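Student: This is what each chain is made of:
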Amino acid sequence: MSSTNTLKALMPGDVQSDPARRAMLAEIDASCRVPVLFFVVSGLMWLLLGTLLALVASIKLHNPEFLAAWEWLTFGRVRPAHLNTVIYGFASQTGIGVTLWLMCRLCRVPFPAPGLTTVAALFWNLGLTIGVVGILVGDSTAIEWLELPRYSTPILFFSYALVAVWSVITFRLRRERHLYVSQWYLLAALLWFPWLYATAQIMLLIEPVRGVVQASVNWWFAHNVLGLWFTPIGLGAIYYFIPKVVGRPIHSYYLSVLGFWSLALFYNWNGLHHLIGGPMPAWMITVSVVASVMMLIPVITVAINHHFTMVGHFGKLRHSPTLRFIVFGAMAYTLTSLQGVANSLRSYSEIVHFTHHTVAHAHLGVYGFFTMVMFGSLYYIVPRITQREWPSLALISVHFWGCALGLILYVVPLSYGGILQGLGMNDASIPFLKVVEGTLPWLRIRTGAGLLLALGHVAFVVNLGWLLCRVFGPYRKPVVELFTETGTAAVTAK
Amino acid sequence: MNYGPLLFLGILFTLASSWVGLVLMPNRQLGALTANTSTNDTGVVVVYPQPRHGEAQQGAEHYRSLGCVYCHSQQVRPEGFGSDIERGWGRRRTVSRDYLYDKPVMLGTSRTGPDLTNIGERQSSHDWHYSHLYNPQITSKGSVMPPYPFLFEKRRVPASGPSSDALKLSGEFAVEDGWEVVPRPQARQLVEYLRSLKTTVDLPEAPLPKAAAVEE
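Protein sequences, first through last, are from chains A and B. With this note's numbering, letter number 201 in the first sequence gets 201, and the count goes up by one each step, no holes. With the second sequence counted from 1, adding 1000 to any position gets you this note's numbering.
The shape of chain A in the complex, shown without the other chains:
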């Protein structure tokens, strides 16, 4: 490899910053404006709704009388409504938005066929609206991560197929032959998801398989939505933004290859660790436990690669909102993955499996890692596609600290409370209601944490709305470092 090629493999296409290249990037960014914003803004609307549903569910768990008279707001409906709005409404749509932008940037093509993705976004939101209303009126399938009723999921699948077609088109049109790491992850996510979703829909909703095979398909699917859909998008974004913002190549090309392929090999075998102790043949669960432990390889590899790229540059966290969120996300990824390995061991699972510990773990992954990375990405992307800078630094701070502290306050106490709950349940001499009582303080703290997260979300949405209102105002060049020593916005472009 020539030295330019080596650099290309390590940096997201940023070898020199000549004016012609800048102009091309600006053109690509501008072409992304409407299609990317469509997904992102709808995603954030679902986030607000999902946060509200989460708060209602959380309060109900320590105050069961709260809003108890309405059937459609009963806990068993609000909880799946929350999950589906945040997973398919917020996380998936925002993830798609970020993916579209990254794909255009990395392939060096202006957004092709924007009509295709606009139709896709419309159908996605339509299908999801029908589905969430369906859950609330009682048509939930009660299959975790797949509660959206059967009459709504084909609409989502159709919409998703359009996104997949779009990504193949974009990939074929690419003007940059070099494939940067982020692209491996994004392409993989874009191709894995339809396979997962089609299998789950056919085998669980359309022509359900018999007995506990449903459970194995269910957890193969649900765990892979995390592992093969959100995780690669999140890792792809981290691989793009850390080098981009700190202006330094990633630590090691070979580790990134190893990390990618070991994730691809092992993650998809993990799902059945959700059934440890369950009524399944032992080999299935054993295979998943082994694969879960093997996840140490991609996790440690990626952790070294991300964190070592940051070494010596932590000072930049003070100035770049993108970097703050992304580095928080990268750390949460390492933690949640290690916790996931522990959870999949039989002896530990025996304690925590049916407890709130698992709920805390899920939030460390989907929120601490994925959501934070998406927020960080949006801080970078939105100013570039709208050519407007974020209006309020204070709101960015509220967003970051609300979410970061909220998440820590969510995960740490509830994980601990979950362990106590599990130990209590495994001691048959403790009456069940005593165990229930023991969980109450942790559940109340969780509601408090939820309020902090909600505060962060509102701050972000207000800031974004404000920015979008300014699209008609004067042009401000986007900057990488927003927070300067004096706390005012830096106006010079990086």
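Note that these hints are calculated values from the structure, not bench results. Any given hint could be a false lead.
Below are the SDA-like pairs computed for lysine to any residue, each with C-alpha atoms no more than 20 Å apart in a straight line [said to hold, decoys possible]:
#1 B/1141 - A/437
#2 A/434 - B/1085
#3 B/1103 - A/139
#4 B/1103 - A/441
#5 A/434 - A/64
#6 B/1103 - A/205
#7 B/1141 - A/150
#8 B/1103 - A/208
#9 B/1141 - A/401
#10 A/244 - A/313
#11 B/1154 - B/1179
#12 B/1103 - A/206
#13 B/1103 - B/1179
#14 A/316 - A/262
#15 A/244 - A/22
#16 B/1141 - A/62
#17 A/434 - B/1113
#18 B/1141 - A/444
#19 B/1210 - B/1122
#20 A/434 - A/423
#21 A/316 - A/331
#22 B/1141 - A/66
#23 B/1168 - B/1131
#24 B/1141 - A/433
#25 B/1141 - B/1163
#26 B/1141 - A/424
#27 B/1210 - B/1009
#28 B/1210 - B/1103
#29 B/1103 - A/150
#30 B/1168 - B/1210
#31 A/434 - B/1143
#32 B/1103 - B/1120
#33 B/1141 - A/441
#34 A/244 - A/179
#35 A/434 - B/1088
#36 A/434 - B/1033
Just a sample of chain A residues kept apart from chain B, beta carbon distances all over 12 Å, derived [unchecked claim]:
#37 49
#38 334
#39 425
Just so it is clear, the structure is predicted and the values come from calculations on it, not from any experiment. Beta carbons: idealized from backbone N, C-alpha and C, even for Gly.
We have chain A already, so just place chain B on it with the hints.
Tutor: Here is chain B on its own, set in the frame of chain A:
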């Protein structure tokens, strides 16, 4: 790694492996499972499990629709793994065959409430279930289970006298004189479903413990 086709193949091959291993193989192994026929001590032929019918099946639909699965599991872990059996959640572990006819299978991943695999044997009283569903605080003070008042109807006591299935409410839960609370059909069906939840039959792969079998 600049070679697109190789990347594509790798991406497809990796997922295909677990799709075969964790989706198709289990379906081959377990999809062909059938009910078990045995003769019990008194010489009666028992076929187990049996599909649910009528009210119990309608009740299963309410269980699904109301999301009871988010707080209740339906799986008993083996002896020595957790304390499911010591807690009286079942006399034996559950195995694949127990769920042959469940659609959807609601194993559950949360035990905010107790496991319900064997609730039909543990608690067979209609009255208990009705009071509990109407407001769990009546039977289980301090529970975090939601009340389900909408499964019941509050109405004037008919001229012919109080209905036989009216809830016996007293103290803070009592209703005004001249009124009564009766279960709607949904509550009735749900309770039939709960009462049908039992794993009291021996299976070759999961025998009932001998002591319990002798007590019968």
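Student: With reference to the structure, classify each hint as holding or not holding.
Tutor: Hint check:
For a cut-off of 20 Å, the pair hint linking residue 1141 of chain B to residue 437 of chain A stands: about 10 Å separates their Cα positions. Of the supplied pair hints, the one linking residue 434 of chain A and residue 1085 of chain B holds, its CA atoms being roughly 18 Å apart against a limit of 20 Å. Proximity of residue 1103 of chain B to residue 139 of chain A is assessed by CA-CA distance (about 14 Å); at most 20 Å being required, the pair is judged to hold. Simply put, residue 1103 of chain B and residue 441 of chain A have alpha-carbon atoms about 36 Å apart, too far for the 20 Å limit, and the pair is violated.
Distance hint between residue 434 of chain A and residue 64 of chain A is fulfilled; the C-alpha atoms sit about 17 Å from each other, no more than 20 Å. Taken as a hint, the residue 1103 of chain B and residue 205 of chain A pair is honoured in the structure, with Cα atoms around 10 Å apart against an allowance of 20 Å. Distance restraint check for residue 1141 of chain B and residue 150 of chain A: the Cα-Cα separation of roughly 38 Å exceeds the 20 Å cut-off, and the hinted pair is therefore not satisfied. Restraint check for residue 1103 of chain B and residue 208 of chain A: the C-alpha separation of about 8 Å stays at or below 20 Å, so the hint holds.
Between the alpha carbons of residue 1141 of chain B and residue 401 of chain A the distance comes to roughly 39 Å, so the proposed pair goes past 20 Å and is violated. For the suggested pair residue 244 of chain A and residue 313 of chain A, the alpha carbons sit about 12 Å apart, so the restraint of at most 20 Å is met. With a CA separation close to 7 Å, the supplied pair residue 1154 of chain B and residue 1179 of chain B stays within the 20 Å bound. Between residue 1103 of chain B and residue 206 of chain A, the direct Cα distance comes to roughly 12 Å. Compliance with the 20 Å bound is thereby established for this hinted pair.
The hinted pair formed by residue 1103 of chain B and residue 1179 of chain B fails the criterion: a straight-line CA distance of about 39 Å is larger than 20 Å. A hinted pair counts as satisfied when its Cα atoms are at most 20 Å apart, and residue 316 of chain A with residue 262 of chain A does not qualify at roughly 31 Å. For the hint pairing residue 244 of chain A with residue 22 of chain A, the CA-to-CA distance comes to about 14 Å; that is within 20 Å, so the pair holds. Of the pairs offered as hints, the one joining residue 1141 of chain B and residue 62 of chain A holds, with about 13 Å between alpha carbons and a cut-off of 20 Å not exceeded.
As the CA atoms of residue 434 of chain A and residue 1113 of chain B are separated by approximately 12 Å, the hinted pair is consistent with the 20 Å bound. In summary, the hint linking residue 1141 of chain B to residue 444 of chain A is supported, as the alpha carbons are separated by about 19 Å, within the 20 Å threshold. Of the pairs offered as hints, the one joining residue 1210 of chain B and residue 1122 of chain B holds, with about 19 Å between alpha carbons and a cut-off of 20 Å not exceeded. Distance restraint check for residue 434 of chain A and residue 423 of chain A: the Cα-Cα separation of roughly 12 Å lies within the 20 Å cut-off, and the hinted pair is therefore satisfied.
Proximity of residue 316 of chain A to residue 331 of chain A is assessed by CA-CA distance (about 16 Å); at most 20 Å being required, the pair is judged to hold. Under the criterion of a C-alpha separation no larger than 20 Å, the hint pairing residue 1141 of chain B with residue 66 of chain A is consistent with the structure, at around 16 Å. A distance of roughly 8 Å separates the Cα atoms of residue 1168 of chain B and residue 1131 of chain B; the hinted pair therefore holds under the 20 Å criterion. For the given pair, residue 1141 of chain B sits about 8 Å from residue 433 of chain A by alpha-carbon distance, which is consistent with the 20 Å threshold.
About 26 Å separates the Cα atoms of residue 1141 of chain B and residue 1163 of chain B, which puts this hinted pair outside 20 Å; it is violated. With a CA separation close to 19 Å, the supplied pair residue 1141 of chain B and residue 424 of chain A stays within the 20 Å bound. Proximity of residue 1210 of chain B to residue 1009 of chain B is assessed by CA-CA distance (about 54 Å); at most 20 Å being required, the pair is judged violated. At most 20 Å may separate the alpha-carbon atoms for a hinted pair to count; residue 1210 of chain B and residue 1103 of chain B exceed this at roughly 31 Å.
The hinted pair formed by residue 1103 of chain B and residue 150 of chain A meets the criterion: a straight-line CA distance of about 14 Å does not exceed 20 Å. With a C-alpha separation of about 39 Å, the suggested pair residue 1168 of chain B and residue 1210 of chain B falls outside the 20 Å cut-off, and the hint is violated. Straight-line distance between C-alpha atoms of residue 434 of chain A and residue 1143 of chain B comes to about 10 Å, which keeps the hinted pair within the 20 Å bound. For the hint pairing residue 1103 of chain B with residue 1120 of chain B, the CA-to-CA distance comes to about 19 Å; that is within 20 Å, so the pair holds.
Of the pairs offered as hints, the one joining residue 1141 of chain B and residue 441 of chain A holds, with about 17 Å between alpha carbons and a cut-off of 20 Å not exceeded. Between residue 244 of chain A and residue 179 of chain A the CA atoms are separated by roughly 16 Å; this keeps the pair inside 20 Å, and the hint holds. Note on residue 434 of chain A and residue 1088 of chain B: the hinted pairing holds, with a Cα-Cα distance of about 16 Å set against a maximum of 20 Å. With a CA separation close to 40 Å, the supplied pair residue 434 of chain A and residue 1033 of chain B exceeds the 20 Å bound.
With a cut of 12 Å on Cβ distances, residue 49 of chain A stays outside the contact zone with chain B, its closest approach being about 18 Å. Chain B leaves residue 334 of chain A outside its interface by the beta-carbon criterion, the shortest separation being 22 Å against a cut-off of 12 Å. In this structure residue 425 of chain A is not separated from chain B by more than 12 Å, as the shortest Cβ-Cβ distance comes to only about 6 Å.
Taken one by one, the earlier hints fail for this structure at numbers 4, 7, 9, 13, 14, 25, 27, 28, 30, 36 and 39, listed in ascending order.
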